[in-house]
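Protein chains in written order, with our numbering: chain A, 430 to 686; chain B, 430 to 686; chain C, 430 to 686; chain D, 430 to 686.
Among the hints, a few may not be true.
[As the list claims (entries may be wrong)] Chain A regions said to be covered by chain D (calculated; three or more residues, Cβ under 8 Å):
# : segment
1 : 614 to 623
2 : 650 to 663
3 : 673 to 680
Please keep in mind that the hints were generated in silico from the structure rather than gathered at the bench.
Predicted model, so just to flag it, every value in this text is computed and none were measured.
In this text, a Cβ means the ideal position worked out from N, Cα and C, and glycines have one as well.
Protein chains: 4
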Amino acid sequence: MKICMAIAMAAPLALLGQTTSARKTPAARTLIQELVIANHILANEGVVDAYGHVSVRDDRNPQHYLLARHMAAGLVTAADIVEYDLDSKPLNGDASGGYTERFIHGEIYKARPDVMAIVHCHAPDLIPFGASTVPLLPVSHMAGFLGEGVPVFEIRNPGGMTDMLIRNPELGHALAQTLGNKPAALMRGHGAAVVALSLHIVVGRAYYMNLNARLQAQAIALGGKVTYLDPEEAKKASAQDGFERAWEYWKHKVSRP
Amino acid sequence: MKICMAIAMAAPLALLGQTTSARKTPAARTLIQELVIANHILANEGVVDAYGHVSVRDDRNPQHYLLARHMAAGLVTAADIVEYDLDSKPLNGDASGGYTERFIHGEIYKARPDVMAIVHCHAPDLIPFGASTVPLLPVSHMAGFLGEGVPVFEIRNPGGMTDMLIRNPELGHALAQTLGNKPAALMRGHGAAVVALSLHIVVGRAYYMNLNARLQAQAIALGGKVTYLDPEEAKKASAQDGFERAWEYWKHKVSRP
Amino acid sequence: MKICMAIAMAAPLALLGQTTSARKTPAARTLIQELVIANHILANEGVVDAYGHVSVRDDRNPQHYLLARHMAAGLVTAADIVEYDLDSKPLNGDASGGYTERFIHGEIYKARPDVMAIVHCHAPDLIPFGASTVPLLPVSHMAGFLGEGVPVFEIRNPGGMTDMLIRNPELGHALAQTLGNKPAALMRGHGAAVVALSLHIVVGRAYYMNLNARLQAQAIALGGKVTYLDPEEAKKASAQDGFERAWEYWKHKVSRP
Amino acid sequence: MKICMAIAMAAPLALLGQTTSARKTPAARTLIQELVIANHILANEGVVDAYGHVSVRDDRNPQHYLLARHMAAGLVTAADIVEYDLDSKPLNGDASGGYTERFIHGEIYKARPDVMAIVHCHAPDLIPFGASTVPLLPVSHMAGFLGEGVPVFEIRNPGGMTDMLIRNPELGHALAQTLGNKPAALMRGHGAAVVALSLHIVVGRAYYMNLNARLQAQAIALGGKVTYLDPEEAKKASAQDGFERAWEYWKHKVSRP
Chain A
430 MKICMAIAMA
440 APLALLGQTT
450 SARKTPAART
460 LIQELVIANH
470 ILANEGVVDA
480 YGHVSVRDDR
490 NPQHYLLARH
500 MAAGLVTAAD
510 IVEYDLDSKP
520 LNGDASGGYT
530 ERFIHGEIYK
540 ARPDVMAIVH
550 CHAPDLIPFG
560 ASTVPLLPVS
570 HMAGFLGEGV
580 PVFEIRNPGG
590 MTDMLIRNPE
600 LGHALAQTLG
610 NKPAALMRGH
620 GAAVVALSLH
630 IVVGRAYYMN
640 LNARLQAQAI
650 ALGGKVTYLD
660 PEEAKKASAQ
670 DGFERAWEYW
680 KHKVSRP
Chain B
430 MKICMAIAMA
440 APLALLGQTT
450 SARKTPAART
460 LIQELVIANH
470 ILANEGVVDA
480 YGHVSVRDDR
490 NPQHYLLARH
500 MAAGLVTAAD
510 IVEYDLDSKP
520 LNGDASGGYT
530 ERFIHGEIYK
540 ARPDVMAIVH
550 CHAPDLIPFG
560 ASTVPLLPVS
570 HMAGFLGEGV
580 PVFEIRNPGG
590 MTDMLIRNPE
600 LGHALAQTLG
610 NKPAALMRGH
620 GAAVVALSLH
630 IVVGRAYYMN
640 LNARLQAQAI
650 ALGGKVTYLD
660 PEEAKKASAQ
670 DGFERAWEYW
680 KHKVSRP
Chain C
430 MKICMAIAMA
440 APLALLGQTT
450 SARKTPAART
460 LIQELVIANH
470 ILANEGVVDA
480 YGHVSVRDDR
490 NPQHYLLARH
500 MAAGLVTAAD
510 IVEYDLDSKP
520 LNGDASGGYT
530 ERFIHGEIYK
540 ARPDVMAIVH
550 CHAPDLIPFG
560 ASTVPLLPVS
570 HMAGFLGEGV
580 PVFEIRNPGG
590 MTDMLIRNPE
600 LGHALAQTLG
610 NKPAALMRGH
620 GAAVVALSLH
630 IVVGRAYYMN
640 LNARLQAQAI
650 ALGGKVTYLD
660 PEEAKKASAQ
670 DGFERAWEYW
680 KHKVSRP
Chain D
430 MKICMAIAMA
440 APLALLGQTT
450 SARKTPAART
460 LIQELVIANH
470 ILANEGVVDA
480 YGHVSVRDDR
490 NPQHYLLARH
500 MAAGLVTAAD
510 IVEYDLDSKP
520 LNGDASGGYT
530 ERFIHGEIYK
540 ARPDVMAIVH
550 CHAPDLIPFG
560 ASTVPLLPVS
570 HMAGFLGEGV
580 PVFEIRNPGG
590 MTDMLIRNPE
600 LGHALAQTLG
610 NKPAALMRGH
620 GAAVVALSLH
630 IVVGRAYYMN
640 LNARLQAQAI
650 ALGGKVTYLD
660 PEEAKKASAQ
670 DGFERAWEYW
680 KHKVSRP
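Given the sequences, and given the hints that come with them, work out the whole structure.
If you want it as structure tokens, here you go:
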């Protein structure tokens, strides 16, 4: 399945060189290429469907971030990447072609200078935990970063009865406050926001956070006592290598001709 | 998986231009093309298997609707589309080549002048809710339209002991009565009927109704308290953009050569 | 996924004409072609993995049946089909190249003159029901044939402590006795045997029996009361068309070049 | 899905002859080819993702074993295979390019002269059983080898609070002690180690151990009484043919051009 998807992605990827070489900015090109690959990996691995998005802080200006225009992640090409300031205003043109929820990105980048990349997703195994009083806990060492605790964002607190979307800076700010200094927050009835020091790590975290949710649900359903990672185990496990081996594999799957 | 399916679908799609150009009716051609794509998307995304169907009200005559002949949705081409009146009689030829359950479509179009497109499916995560006393409720904002409530059609009420199929106008009428003014009804032991203002929306609703059923079941299985969308949240969430971003993605997946 | 599998299957299918034309028996060729397609469909749809098999009664001699030699169903070609008598002895050569459990087929054909085709499978959603005291019941109208009741074969009764396999005519006979006049029997710790009047129906029954098991398990897990098909509904639903629409779709998926 | 993956794997496989023929060691070439295929099968069948590895004892020197360098199993080629001694030191070069957890392999080969091949995996249906007090038991005859009992390795016992990885010979030794003379051990919060007399059997065991875990969880969820294989049945079932039929099928799926 994944390789087939990769075939589909090959055409957009092929456009990369052409599109970005026209800009004559090799540094930006690399980061944009990475962001396009991150989009395709997230779609290919089922972390996002037609909805959900991934951004990266601009490596030339930490007050800017890069994010695709309003479209499905699996279809994103380099030409679709837009540069935003931290108020989530596009540097070129107006915001009408952007994701409604771009404020998730801008407000977290504002509140968290350490964060370099952000995923917003509706990954299917995360939704039940976002809606349940049962907390998401690390049952697999690949999700040790969950050991810091996963806050749940209740949009009713800052917003009352909404359409559930982070439609403005205020809601984005409230989400960033709920996230605090953690690697991820669940969003009740909606999905999750995941942050990290790099694109590779944020993609790995989003993937394994979703997988861990599935495994935890299965462990609970067995009916016995479940042993989760101890916070110290979780902390040590989360200090590992940044999902480089997984990135290489996932990238291979989306980049084959 | 989906892209592979797309490859398979490419041949039928390729027939579109040829088949419909012979009719010299550009307007109809567009609607038929859309209906063929809707069939392929539903099959490709697992909303229908060899059974289940999708129709659209004729844009030239609201007393008519378009529906494939008796066949699997994944194999439908433009040449397979039949035009029916609201008594579900084909305008050309006899009804022997039609879906047994075409009355689902005809009777709902009769009862609901607002409805422009209908899906009947056996989507696998919907069947358990159709058979259970546990009501289907929106746990994800993508399924806000479920907040209006999802009636369950019990065919025993109008039909007694049947073979479960909507084989005649009377059963179709009874189903339409159960549906009332809602976007969807479950059919006990069978599947669902989903309606909307357009093909794009009805496909999105059928997809996310099924996904929401899976997520709700998972949330229940966790054993904690589950917070569903408040009716007001659901109403606001369901007013969103009509699944255009998803349609573009799903269409891409079934239309690549 | 399915289409990709189909691509893989294309090579074996391509061998069909060549292999069977050498025998100069057009009638047998058609039946063998159908049996090869049935093997590929069952593998492609996940009803069998490397294990499990499907047979058909010889249309030229009801005291004979056709079954592949000992191999994975997904790899079967016409040249791999062996003709057996009802004692499960091959007409040509010795039995060393045959399935260990061919007695499932021979003994059921002996006991059930009405049966024309048999599937033995380890379909994953059936194993839990074979091991549980919870009976398999029809929750979907596509599995109405389950309404006759699904007996569970406990190999310990005739065989004591075995390796679980139907290794001889005596165990095959005992399984046939458990099956009685029903369309299917579960085999505890092992899988199922499914029978029908034709290859198309037996493939459809094996597929929807497995799907129904999944749906029933999901319905039970919701925690509410579950309404199953009434025996009369089940009987009427099972009288339907023989899964022809599904066969055409599944065949399309395994026969594309 | 699997076939598509196979297509992706075709390129690495094509490199085999070229790479290994340069060494002029036909015997090694066969074993290395088999090890590469085992890597690809495990990835293709979902037993491993980007993490997890498989080794084989060197057929020319039982004090050595063969294992890929630090990379995803699905990408392994013959040129990536490294030879280690039983202290998990590479014969050529330093260990910096090796799997962190290669000590799983070295220490088990030391403790178990009968073992010829080892899989370490994070197969998703195994993690819940590793974390739960509910024991993994054989519910399917394909997993009869589980009847010997599946010990659970608690890394806290030998290691206290760790990052969960088998980072040194001491932890590898402790795991080998927990494994004892059994075919497999679960690793709490991590995955499993599976051993066998051959590559074919260890791949089959890893696959069916994972499948059995899923089936057992489903059987438990039904809520009735579950009948597992009796230890004698399990012992007899596990004496079967070594998964040759499955190996041929899985190999076919990863080796098609």
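Hints, one by one, checked against the model:
Here's how the segment 614 to 623 of chain A fares: 0 of its residues keep a CB closer than 8 Å to some CB of chain D, so the rule of at least three is not met and the hint is violated. Given a C-beta distance limit of less than 8 Å, the hint that chain D covers the segment 650 to 663 of chain A holds, as 12 residues qualify and 3 suffice. Three residues within the 8 Å Cβ limit are the bar, and the segment 673 to 680 of chain A against chain D gives 5, so the coverage statement holds.
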